[in-house]
Amino acid sequence: NAGVTQTPKFRILKIGQSMTLQCAQDMNHNYMYWYRQDPGMGLKLIYYSVGAGITDKGEVPNGYNVSRSTTEDFPLRLELAAPSQTSVYFCASSRDAGGTQYFGPGTRLLVL
Amino acid sequence: RKEVEQDPGPFNVPEGATVAFNCTYSNSASQSFFWYRQDCRKEPKLLMSVYSSGNEDGRFTAQLNRASQYISLLIRDSKLSDSATYLCVVNPDSSYKLIFGSGTRLLVRP
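Line order of the protein sequences matches chains A and B.
For the first sequence, position 84 matches number 84 in our numbering, and the numbering has no gaps at all.
For the second sequence, position 58 matches number 58 in our numbering, and the numbering has no gaps at all.
Worth flagging that the hints you see were computed from the coordinates, not collected in a lab.
Being a predicted model, the structure only gives us computed values, none of them experimental.
It is possible that some hints are incorrect.
In silico DSS-like cross-links for lysine-lysine, where the CA-CA straight-line distance does not exceed 30 angstroms [what the hints assert, rightly or not]: (1) Lys57/A <-> Lys97/B; (2) Lys42/B <-> Lys79/B; (3) Lys57/A <-> Lys2/B; (4) Lys44/A <-> Lys42/B; (5) Lys97/B <-> Lys9/A; (6) Lys14/A <-> Lys42/B; (7) Lys45/B <-> Lys79/B; (8) Lys42/B <-> Lys57/A.
Using the sequences and the accompanying hints, generate a full structural model.
Structure follows, in structure tokens:
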């Protein structure tokens, strides 16, 4: 099992550009999450999904969009990148609500 | 008040030392609790769940004090490889949501 995979590992964007962060899991988990982690800060939930076709906003959704067309994939879309979106983005999945979350290796994003 | 608060550290200890971290949470109805470990520039990984009666996993012991709303992590016989950031994590309402603390950094020196 690969677990949770994320691509790309690192990306530099110019202000106003858009990109999609990819996330996939092969554990057949229903729950998937996107977090951002700023230096010295805790993880902030951006969006989450409880199953294919169902997504909802987390704590900091502004500037982002998600979709969940399959159980395996949960891409995060950044539209009109801003310097405030410079961060490390982690995707995670869990079998149960509130249960152990398994994280991908992260995507480091720099917006200049 | 933050939902989950931790001392950021760093805690700088010699190999073989015993070190303890505390974490406080604000929601008295919180249901489940975890400690995650995050190495530098890596993803968080579950270290252990925290049970009401306290639990031990090798050199690691976790305790929960519901009355005072804190959880603790004790590491005995510290190893160099224990150097990492330890994240306190709380599930406030048995939903999907986990609240992550900012972490406590541990440095174990030779």
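Verification of the supplied hints:
Straight-line distance between C-alpha atoms of Lys57/A and Lys97/B comes to about 11 angstroms, which keeps the hinted pair within the 30 angstroms bound. About 19 angstroms separates the Cα atoms of Lys42/B and Lys79/B, which keeps this hinted pair within 30 angstroms; it holds. Proposed proximity of Lys57/A and Lys2/B is supported: the alpha carbons are some 20 angstroms apart, at most 30 angstroms. Between Lys44/A and Lys42/B, the direct Cα distance comes to roughly 16 angstroms. Compliance with the 30 angstroms bound is thereby established for this hinted pair.
Between Lys97/B and Lys9/A the CA atoms are separated by roughly 25 angstroms; this keeps the pair inside 30 angstroms, and the hint holds. Distance hint between Lys14/A and Lys42/B is fulfilled; the C-alpha atoms sit about 25 angstroms from each other, no more than 30 angstroms. Of the supplied pair hints, the one linking Lys45/B and Lys79/B holds, its CA atoms being roughly 18 angstroms apart against a limit of 30 angstroms. For the hint pairing Lys42/B with Lys57/A, the CA-to-CA distance comes to about 25 angstroms; that is within 30 angstroms, so the pair holds.
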